[in-house]
Each structure stands twice: as structure tokens, then as C-alpha cells.
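Which chain is which? The protein sequence lines are A and B, in order.
So our numbering is basically just the index in the first sequence, starting at one, shifted up by 844.
So our numbering is basically just the index in the second sequence, starting at one, shifted up by 19.
These aren't lab readings, by the way, just hints derived from the structure by calculation.
Predicted model only: the values in this text are computed from it and were never measured.
Keep in mind that the hints are not guaranteed to be accurate.
[Unchecked claim] With a cut-off of at most 25 Å between alpha-carbon atoms, the simulated SDA-like pairs for lysine to any residue come out as follows:
no. : chain 1 : residue 1 : chain 2 : residue 2
1   : A       : Lys1052   : A       : Ala971
2   : B       : Lys61     : B       : Leu75
3   : A       : Lys945    : B       : Val66
4   : A       : Lys893    : B       : Tyr249
5   : A       : Lys1003   : B       : Gly239
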Amino acid sequence: MKRGLRAAALLLAVALGAGLAGCAAPAADGAADGAAGKTLTVFAAASLKGPFTSIAAAFEEQHPGIAVRLSFAGSSDLVSQLNQGAPADVFASADARNMAKLQDAGLVEAAPQDFATNVLTIAVPRANPASIGSFADLAKPGVKVAICASQVPCGAATKTVERETGVALKPVSEESSVTDVLGKVSSGEADAGLVYVTDVLAAGNRVKGVAFAEAGKAVNAYPIATVQTSRNKDVAAAFIAAVTGPDGRRILADAGFGTPGA
Amino acid sequence: MNPRPVGTYSGIPRWVVAIAAVGALFVLLPLAAMAARVNWAKFIPLVTSEASLTALGLSLRTAAASTVLCVLFGVPLALVLARGGFPGQRLLRSFVLLPLVLPPVVGGIALLYTFGRQGLLGRSLEVAGIQIAFSTTAVVLAQTFVALPFLVVSLEGALRSAGSRYEAVAATLGARPTTVLRRVTVPLVLPGLASGAVLSFARSLGEFGATLTFAGSLQGVTRTLPLEIYLQRETDADAAVALSLVLVAVAVIVVGLSYRRPAAGTRSSAPEKRVSP
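Just chain A, with the same shape it has in the complex (with noise of 0.2 Å):
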């Protein structure tokens, strides 16, 4: 039954692969255009969008030849994506626990460094409707909170966060990324929300932080590492050194995040 399957794949294979070869030759053509030119594909987490995008374009200016693609997602999906083979170079973490998944499949190069913390914060409408000011406010009752599932790395955090103060929260949802919490947020459905300081800053002026002490009981690291099938290797270490050289922890704490081991 699996060699039937097998079969048939290569069937499919084949056959979409001589109906897209069509649509693949122009790319082809452009990577070839490049002469000299190198393209360093770097998987991160997609907290990191607008940080990283500044740093991969600085390290364009001062690597001429070199062309970063970036490439955005939820870190698990990441993780998902490089365990099929996805190509890339490096790939920056939410969290350790992702980072660890990479390793367990053989697929990190070099031990992962932590370059940038993030903390929760309560996000809540400009107007801040359920007054919230405090994290005890959260579990006031008639106020909708929407939290992350503990299966997500945010979530883990707020899950640690309950812990440590004693606060059980009754969330109306439990979304399945950072993003939908802030959503709900921002779109006034929830009256408040835990995500990460940094959405709060990225989000702009449809809602506000209100930073809570207890947050610092559950500080998230980012881990960033080398993928073992790289094969611009050395590239891919001086995108990591230009991560976690000055240039690029400044520009991490514009967006809010914080030093590891600060």
C-alpha cells in the first residue's frame, strides 16, 4: 500500500512538475541574473516583521551581492516547513521550545543564540471601555479578555503569569496566535487582551499597552540559529552577527524588545 502510494506520487510529480515547469523557468532565470550574487533566506518568527526587515535591508547595503529573503510566520509552522525541506539559511525562534523541535530533527547547525527577550503586556481599545489597569482588573467580572491557547508560545507565558500572581482569568476566546488576540482587541470585541509589548508598539494608535510588573515572572526568549542544510553558510553567521551586533539590538529595541541576559 505505501509503494502504491509512492507511485502514484511520482505520477503527480511528474506530471505537475512538467505543467509548472512553465512557471519555474522565469524565476530560474532571475536567480541566474545575480552573477555573483547570493540569496540568504532567513525563516523568523513573525513577531519579528518589522525589526527583522530593517535589519535584512541594512545588511544588504553593506553586503552588496547579497540578497535577503525574509520569510514570515508563526515559529511552528516554521518549524513545520524546514522538517519538509523548506530552503533556508537561518531561522530566528519565539521561542526556545520551536528552536529545540529544529534541533531534536538534526536540523541546527551550531548551538542557538538568544538574541531579543519579549514580555506579555495588556493590550485594551484606545478608550480602554472595562477601565483595566491593573492584571487583577482582568478577572473582573463582565470583562471579556481574550487570551492565547496555552499550546502557543504567548499563551505558555500568560498560563505562567496566572501562576506566579494568583489570578485566574475567565478569557471569553483563546485564540490560536497573538495576532487574533490583538485583533479582537483592536477591533473592540475583547475589552482587553494578553500579547507581547512588541504588538502593542506595532499596532499603532487602535490600541494601548498597559504594562503590568508581574510580566517580568515570564520573559520569552528568541533564539536564532544556523539551518544545518544551509548552503551559504558563512553568510548566514554574518546575518546572525549583524542580528546580534549593536545595529541590530538597536533596532530590536525601537520595536520593544528586550536584551537577553539584561
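Chain B: place on chain A using the hints.
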């Protein structure tokens, strides 16, 4: 319903069959690949976990409710579109069918701005003490929004191919429009209505994007089976695959039910068509 006349031409060129085979493989192979990944040893515990059963139960209940709403609003809509003659009819049809081609997340955003707390109707509803956001009602609304066109399309096709001659006769015999509808039209297109309802049910069961955007995700309240799969995928790939297989099985059964008997209308045999669009 028409037995194929003797000597019907059925010579399909071989190359067409070959391409058709590739097309069929394109759909079947990913399903087979997924089935091959199922961890059978853990399959039963995975699909019978509390979270899974809650999600499945919620999915079946909300999909059933959505199907009822689809029939309630879809039958009159299909009748108006198939039988009525009024300016803007084509435009109305295009808009009713829009959810078929819209990304569900767009539907979710549209619903949010209608029924959400700050929405067009939501604000008045909130004053009246009705809150839709984050409730099971929101799930049903999202599913109805995306599934309604399936019922309308099936039924309108059935109505058009059934023609209106029996209704005309009934009317000349003195039957009032409501009597004609109840005694002639509906019985005539019942198979089309049934398959439309089944398709709506299936579409409701698979609804994901609009629900996620509009209703949120909370176990037992708004987290339907597709949302549960999406969440499980984060941590437990085995559970996600097992639940996916359950959803595929339900979908296969449902779609199989709807296409088992060639229904009078849905096969929309062109020669029978009496009304030009």
C-alpha cells in the same frame, strides 16, 4: 432519473482519461498521504479525548443549526431567484453567491463589522442585551454566511430544470401561490433541496476562517473541530492528523449521501431547461 438511452455516445479520448486521472490523483493523493501518517496506535485515545469530543459535538450541533437557517432563508431566496422576474435579479444572485468565492476570513471581518460589539447591528443588539461576539451564535452565523450559497445554487438549479409547467397547471386549477408552493413546487425539487442542505451542512462543518475571525476560539463554546485541529497542530501533530481524518470521514459520508441518488434537479440536465436565465 432518465435511464441512459441505448447507444449514447460515450467515447472519451484516451488522453482525456489520462489527464482526468492526474486530476483525480491531485485530490486523492494528499488525502491518502495524510491517512498514511495517522498514528493508529494512538488514534482512538486522540480522537476520543475530551477536547476532541467537545469540538466534534460543537461542530455537529452548530452545523445542524446553520443548515436549518440555510433552508429557512435559502429556499425563499432560490425561489425568488429562479421564478421571480425583477430588475437587479442578476445582481442579487451575484451577491448571494459571493461567499462561495470570498476568502472566509473576509466573511469573518464583514460579520464582525455587522454583528460585533461596535458593528452596524451589534450596537443595537448590545443595547437590547443580546451579545453575539464570542458566543456559539457567532459560530452559527459564520457558518450560515458561508454555507447559504450552496443551498441556493443547488435549489435554484433544481427549480430551473424542473420548469414551471406543473405550477402553471395547478394555478389554472385555482390553487393559491402558497398551495402551489407547498403541494407542487417543493415536492418536485425535494431531491435538489436535500442535496443542497447536505452540502450546506458539509460546508458548515468545515468552516474555519470566518469562525476564527468572528467568533474566537473557546473550548465548548466556539472552538469547532477545524479550530481544534489548527490549535492541536501547534503541539501535537498526531492529534491534528487524527482529527483531520475524522473530519474527512464525516465529509465523505455527508457528500456521499448527497450524491448517492442522482437527484432530479441538481444534475441539471440541460435539455430539460425551460427557463432561460
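Handout entry: Hint numbers contradicted by this structure
Key = none
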